[in-house]
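With the hints as extra help, turn the sequences into a complete structure.
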Amino acid sequence: MRAAVAAAVHAGELSVAVPESVVVERPKAPPHKDKSKPAPQARGDYATSIALRLAKPAGKSPVEVAEILAARLRSLPDLSEVEVANGFLNLFLAEAALGRVALDVVAAGRSYGTNDAAAGQTVNLEFVSANPTGPIHIGGVRWAAVGDALARLLEASGAKVTREYYFNDHGAQIDRFARSLLAAATGQPAPEDGYGGAYIGEIAQAVLAEVPDALEQDDPQEVFRRVGVQRMFQEIRASLHDFGVDFDVYFHENTLHESGAVQRAVDRLKAAGQMYDKDGALWLRTTEFGDDKDRVVIKSDGEPAYISGDLAYYLDKRERGFDRCIIMLGADHSGYVGRLMAMCAAFGDTPHVNLEVLIGQLVNLLRDGEPLRMSKRAGTVVTLEDLVDAVGVDAGRYALVRSSTDSQIDIDLDLWSRRTSDNPVFYVQYAATRAASVLRHAKDLGIDVPDTADVSLLTHPRESELLLALAEFPRVVATAAELREPHRVARYLEEKVAKAAQRFWDDCHVLPKGDEPVSELAVPRLLLWRATRTVLENGLVLLGVSAPERM
RNA sequence: GCCCCCGUAGCUCAGGGGAUAGAGCGCUACCCUCCGGAGGUAGAAGCGCAGGUUCGAAUCCUGCCGGGGGCACCA
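In my numbering, the protein residues as written are 34 to 584.
Some hints here could point you the wrong way.
[Said to hold, decoys possible] Computed Cβ-Cβ distance ranges for the label pairs, DEER-style:
(1) Gly313 with Glu53: 28 to 38 Å
(2) Gly402 with Gly293: 48 to 58 Å
(3) Pro110 with Arg400: 55 to 65 Å
(4) Gly293 with Thr320: 20 to 30 Å
(5) Val56 with Asp281: 30 to 40 Å
(6) Arg107 with Glu553: 30 to 40 Å
(7) Gln267 with Gly479: 50 to 60 Å
(8) Gly354 with Val56: 52 to 62 Å
(9) Asp356 with His274: 25 to 35 Å
(10) Asp481 with Pro404: 51 to 61 Å
(11) Asp365 with His274: 17 to 27 Å
(12) Glu515 with Thr320: 29 to 39 Å
(13) Pro494 with Leu395: 23 to 33 Å
[What the hints assert, rightly or not] Result set (BS3-like, lysine-lysine): computed pairs, CA atoms no more than 30 Å apart in a straight line:
(14) Lys546 with Lys532
(15) Lys476 with Lys532
(16) Lys476 with Lys546
(17) Lys332 with Lys303
(18) Lys303 with Lys326
If you're looking for bench data, these hints aren't it; they were derived computationally from the structure. We put the beta carbon where it would ideally sit given N, CA and C, even for glycine.
Structure below.
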């Protein structure tokens with residue numbers, strides 16, 4: 034398409050700058066939907082509004098521009114028709130060209146859908162990073178599902194991704210945690226500012242089991258801190274693993290303080306003139322870079338403030354060679370974005386390029402239409418295990434990943450635990466299962482499922498619809514990765530592929546009934562089922578959801 | 001008070017400036033012996049309000065209304 038524009042410019046037919054890219058899309062409304070309404074023009078397999086955009090700079094009417102481009106496009110063999118409508122260009126694929134999609138998908142197999150848009154990028158993706166003071170709660174679970182899917186998407190786009198978990202095992206909250214454990218072990222009530230909940234008692238018991246004389250040691254609280262944190266960390270790590278999420282690096286905040294990394298980061302910013310003393314504390318001039326106020330890095334009591342760990346951590350990531358650091362945070366941390374970006378700039382980096390902060394809104398779980406409220410004090414925390422117990426890993430991950438993180442979502446546990454089509458993950462998985470099932474059934478009948486076939490026979494509207502949907506996959510993956518929006522993949526699978534597959538199933542029989550001979554369409558259609566299975570499977574894998582052979 | 005996110009069908013959510021705004025559930029009416037009928041078709045039903053930018057706005061800008069989150073020498 035862009036080549037056509039360039040050619041027209043070159044030939045002197047259009048006097049415009051050749052655009053960087055030309056958007057060619059599937060038409061928004063399917064052509065066969067119009068019935069009684071007026072303006073029932075068919076819209077083609079693909080459409081572009083490029084002529085409308087170029088009309089003004091070219092000094093011609095949109096229709097003139099469109100006609101110039103159409104004349105060139107009509108010479109392409111893969112297009113059977115090029116239509117100009119209201120300045121839009123509607124492109125109709127030649128039937129043979131469309132069928133080739135199935136061959137391409139089957140030939141590419143597991144790699145279908147990958148691209149190299151992010152090739153050469155070294156990405157550090159930090160997500161979850163829940164504090165080791167309790168079980169991982171539902172907010173963190175959203176990031177586990179979305180973050181892992183995003184990592185897979187970035188990898189599918191050619192990036193080298195390190196999944197990283199920042200483990201806040203330093204500071205006052207850990208002291209509170211340790212005091213809470215100690216209190217529980219000695220039968221005292223939880224401290225006023227401490228943590229409640231049954232897990233505190235369990236962890237305390239586990240510490241005593243591991244270090245029987247913990248209470249007799251010189252500093253029992255230190256024992257409970259060290260062993261309790263370790264214990265909590267293992268539990269979090271195990272439950273994430275059971276959720277299908279594993280990290281390449283579990284980074285301990287403590288190491289930054291012990292290794293002098295914090296001091297190095299501070300010295301570096303001092304040398305860059307970004308720090309100053311005031312009221313006995315050391316401040317970072319974040320307002321220079323758009324933050325609301327400057328931030329204390331070293332408190333007046335000499336203790337490092339929390340941000341000092343972030344400074345050292347960011348520097349450490351950059352020194353480890355990551356050119357893109359992505360951090361996923363919950364909405365309760367949205368106030369940090371400004372200072373993190375300022376920090377990035379203070380190091381001389383480019384905010385939103387070297388450092389990206391993704392903010393996700395909160396999640397509510399509903400049961401019987403009522404939100405499950407949680408209270409840390411009462412210990413009624415909704416955890417990862419609660420979600421998995423209620424709906425399972427696949428439904429849990431899919432439910433969390435199918436919506437934009439910009440939106441708060443309600444997850445109805447009753448809906449997502451249902452094994453019916455109300456449940457979107459079942460709809461998609463069932464389509465994948467059906468594809469596997471048809472292929473299995475064909476094999477049972479002695480029909481080989483081929484690597485190639487006469488795909489020019491695939492001309493039924495349902496076949497075309499499905500082929501067009503399958504052809505979109507690589508672009509969906511690339512877009513979802515680029516925008517850091519994994520939900521696009523889920524919606525695509527659900528609304529495009531699974532939908533089209535069901536319709537194809539309904540209207541296009543594949544296997545012979547009874548004693549019928551095998552139709553000449555059977556083999557091409559089986560190939561299309563293979564391609565469909567491939568896309569559904571590849572897509573579900575990107576979301577961390579299983580694509581079962583049978584359900 | 002300031003900052004961030006959201007407001008789309010009865011409900012849960014999609015919708016990167018383009019043509020008639022899409023799904024699922026729910027509702028109405030039909031259809032279906034290739035797989036474990038967890039399916040398909042058709043219909044009713046919607047962009048919070050008011051301006052602005054644009055040939056064109058659910059989408060971009062401003063203001064208001066409504067919901068959520070955040071504004072520490074806490075972590």
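Hint check:
{"no.": "1", "hint": "Gly313 with Glu53: 28 to 38 Å", "in the structure": "54 Å, violated"}
{"no.": "2", "hint": "Gly402 with Gly293: 48 to 58 Å", "in the structure": "54 Å, holds"}
{"no.": "3", "hint": "Pro110 with Arg400: 55 to 65 Å", "in the structure": "58 Å, holds"}
{"no.": "4", "hint": "Gly293 with Thr320: 20 to 30 Å", "in the structure": "28 Å, holds"}
{"no.": "5", "hint": "Val56 with Asp281: 30 to 40 Å", "in the structure": "36 Å, holds"}
{"no.": "6", "hint": "Arg107 with Glu553: 30 to 40 Å", "in the structure": "32 Å, holds"}
{"no.": "7", "hint": "Gln267 with Gly479: 50 to 60 Å", "in the structure": "52 Å, holds"}
{"no.": "8", "hint": "Gly354 with Val56: 52 to 62 Å", "in the structure": "35 Å, violated"}
{"no.": "9", "hint": "Asp356 with His274: 25 to 35 Å", "in the structure": "29 Å, holds"}
{"no.": "10", "hint": "Asp481 with Pro404: 51 to 61 Å", "in the structure": "53 Å, holds"}
{"no.": "11", "hint": "Asp365 with His274: 17 to 27 Å", "in the structure": "25 Å, holds"}
{"no.": "12", "hint": "Glu515 with Thr320: 29 to 39 Å", "in the structure": "32 Å, holds"}
{"no.": "13", "hint": "Pro494 with Leu395: 23 to 33 Å", "in the structure": "43 Å, violated"}
{"no.": "14", "hint": "Lys546 with Lys532", "in the structure": "24 Å, holds"}
{"no.": "15", "hint": "Lys476 with Lys532", "in the structure": "25 Å, holds"}
{"no.": "16", "hint": "Lys476 with Lys546", "in the structure": "15 Å, holds"}
{"no.": "17", "hint": "Lys332 with Lys303", "in the structure": "15 Å, holds"}
{"no.": "18", "hint": "Lys303 with Lys326", "in the structure": "18 Å, holds"}
The earlier numbered hints that this structure contradicts are 1, 8 and 13.
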